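For reference, the chains in residue letters:
2 protein chains.
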Amino acid sequence: MDTMKPSRILLFTGNGKGKSTAAFGMLARALGHGMRARVIQFVKSDSSVGEQKFFSRFQEVEWQQFGLGFLPRDRESPEMESHRRAAREGLDAALAALASPEYDFVLLDEVCYALGEQLFDIEPLLDALRSVREGKIVVFTGRNAPASLVAAADTVTEMKLLKHAFEQGIAASAGVEN
Amino acid sequence: MDTMKPSRILLFTGNGKGKSTAAFGMLARALGHGMRARVIQFVKSDSSVGEQKFFSRFQEVEWQQFGLGFLPRDRESPEMESHRRAAREGLDAALAALASPEYDFVLLDEVCYALGEQLFDIEPLLDALRSVREGKIVVFTGRNAPASLVAAADTVTEMKLLKHAFEQGIAASAGVEN
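Just so you know, the sequences run in chain order A and B. In this text, residue positions in the first sequence follow the working numbering: the first is 1, and each later residue adds one. In this text, residue positions in the second sequence follow the working numbering: the first is 1, and each later residue adds one.
Errors might be hidden in some of the hints.
In this list, chains with the same sequence are indistinguishable; a pair is considered to hold if it fits within one copy or across any two.
To be verified - Result set (SDA-like, lysine to any residue): computed pairs, CA atoms no more than 25 Å apart in a straight line:
{"hint": "1", "residue 1": "Lys53", "residue 2": "Leu162"}
{"hint": "2", "residue 1": "Lys136", "residue 2": "Pro124"}
{"hint": "3", "residue 1": "Lys160", "residue 2": "Glu102"}
{"hint": "4", "residue 1": "Lys53", "residue 2": "Asp104"}
{"hint": "5", "residue 1": "Lys163", "residue 2": "Gln65"}
{"hint": "6", "residue 1": "Lys160", "residue 2": "Gly116"}
{"hint": "7", "residue 1": "Lys44", "residue 2": "Asn144"}
{"hint": "8", "residue 1": "Lys136", "residue 2": "Asp121"}
{"hint": "9", "residue 1": "Lys136", "residue 2": "Asp46"}
{"hint": "10", "residue 1": "Lys136", "residue 2": "Leu161"}
{"hint": "11", "residue 1": "Lys160", "residue 2": "Ser100"}
Think of the hints as simulated: they come from the structure by calculation, not from any bench. Please read all numbers here as calculations on a predicted model, not as lab measurements.
Go ahead and model the full structure; you've got the sequences and the hints to work with.
Written out as structure tokens, the structure is:
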């Protein structure tokens with residue numbers, strides 16, 4: 001990939017807080033610059049969270065979830081097939097968004113996690129990245145980013161958990177999900 | 001500090017991308033939950049960036065910068081005094097916001113950097129944190145977070161730079177500042 005190509009591919013990974021939140025902050029920035037955005041969430045299925053409530057107010061944002069929530073503890077469970085199917089639909093939507101001139105900003109939230117769980121194959125995604133048009137911003141989030149996605153990204157940040165409220169017995173509350 | 005107290009103090013530090021952006025994502029979440037927010041930026045002085053343009057649309061957000069931009073290369077320069085003065089004004093605003101029942105969410109952007117550069121003393125801030133009311137969300141960002149601030153926070157994430165577009169010769173562009 002030509003590193004001088006001005007498209008921006010950013011990746012937020014690691015076990016710490018702030019991966020998706022950083023991506024939502026970038027989305028706010030992009031909207032501030034008048035961009036049109038597509039958000040595709042893998043694995044997640046809860047549409048009541050603050051970020052979706054907030055960004056759904058804007059017609060410049062098209063937000064869609066393709067997840068069924070937590071994966072079954074037993075990854076060999078037949079239930080996994082429905083998770084894989086949902087994720088593959090998310091992949092199709094992602095490929096369409098990456099190719100479409102309609103969106104200036106594409107966020108694939110939790111895509112790294114979905115890839116790490118082998119919910120779908122990474123190759124079509126890498127292919128789509130190679131031909132993404134100039135100026136488009138693409139943001140990936142999720143723990144356990146595959147090396148090939150790290151290689152394809154321009155900027156990669158690892159969010160490292162140094163200290164977490166949950167470890168200290170404080171439950172999640174409105175405004176501070178995940 | 002009582003760790004069961006349900007106020008939330010979050011800190012994003014480290015040399016990677018996504019510290020302020022994660023905080024802006026949390027701000028979006030907070031607004032999604034109907035919270036009122038105060039944003040105080042230290043050091044930064046550029047109000048043309050996407051996040052400020054975007055969040056300025058919302059009357060639930062009060063946004064203010066107390067910075068003069070980059071510090072002089074020579075930290076002994078007399079010019080430093082004006083940076084210290086600006087930062088101390090930011091501190092006063094921060095203390096007022098932490099004490100005020102008007103704000104449910106207080107973001108002190110780049111406060112760790114300002115503290116690391118000893119633009120003001122940390123003690124008044126730590127005092128204010130001890131008496132912050134329940135349910136208030138407080139977010140700190142900036143590299144080189146002092147240990148006492150890490151100790152005071154409920155959740156701490158270190159953003160680690162794994163790979164950066166700038167290192168590859170790609171300049172910043174609209175939508176992907178800092």
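**Request:** At 25 Å max between alpha carbons, let me know whether lysine 160 reaches glycine 116 within a copy, between copies, both or neither.
**Result:** both (18 Å within a copy, 20 Å between copies)
**Item:** Homo-oligomer pair classification [leucine 162, lysine 53; C-alpha up to 25 Å]
**Value:** neither (29 Å within a copy, 32 Å between copies)
**Asked** Is the C-alpha distance from lysine 136 to proline 124 at most 25 Å within one copy, between copies, in both cases, or in neither?
**Response** within (18 Å within a copy, 44 Å between copies)
**Request:** First find the shortest C-alpha distance between lysine 160 and serine 100 inside one copy, then the shortest across copies, and answer within, between, both or neither for a cut-off of 25 Å.
**Result:** Answer is neither; intra-copy 34 Å and inter-copy 32 Å both fail.
**Request:** With 25 Å as the alpha-carbon cut-off, assign the pair lysine 136 and leucine 161 to within, between, both or neither.
**Result:** between (30 Å within a copy, 22 Å between copies)
**25 Å Cα threshold - placement of glutamate 102 relative to lysine 160** = neither (34 Å within a copy, 32 Å between copies)
**Asked** Checking lysine 44 and asparagine 144: alpha-carbon separation at most 25 Å within a copy, between copies, both or neither?
**Response** within (16 Å within a copy, 33 Å between copies)
**Asked** Given a CA cutoff of 25 Å, do lysine 136 and aspartate 121 count as a within-copy pair, a between-copy pair, both, or neither?
**Response** Within. Shortest intra-copy distance 23 Å satisfies the 25 Å Cα cut-off; inter-copy 42 Å does not.
**Item:** Homo-oligomer pair classification [aspartate 46, lysine 136; C-alpha up to 25 Å]
**Value:** between (27 Å within a copy, 24 Å between copies)
**Asked** How would you label the pair lysine 163, glutamine 65 (within, between, both, or neither) given a Cα cut-off of 25 Å?
**Response** neither (29 Å within a copy, 28 Å between copies)
**Request:** Up to 25 Å between alpha-carbons, please classify lysine 53 paired with aspartate 104: within, between, both or neither.
**Result:** Classified as both; 21 Å inside a copy, 17 Å across copies.
Hints 1, 3, 5, 11 from the earlier list are contradicted by this structure; the remaining hints agree with it.
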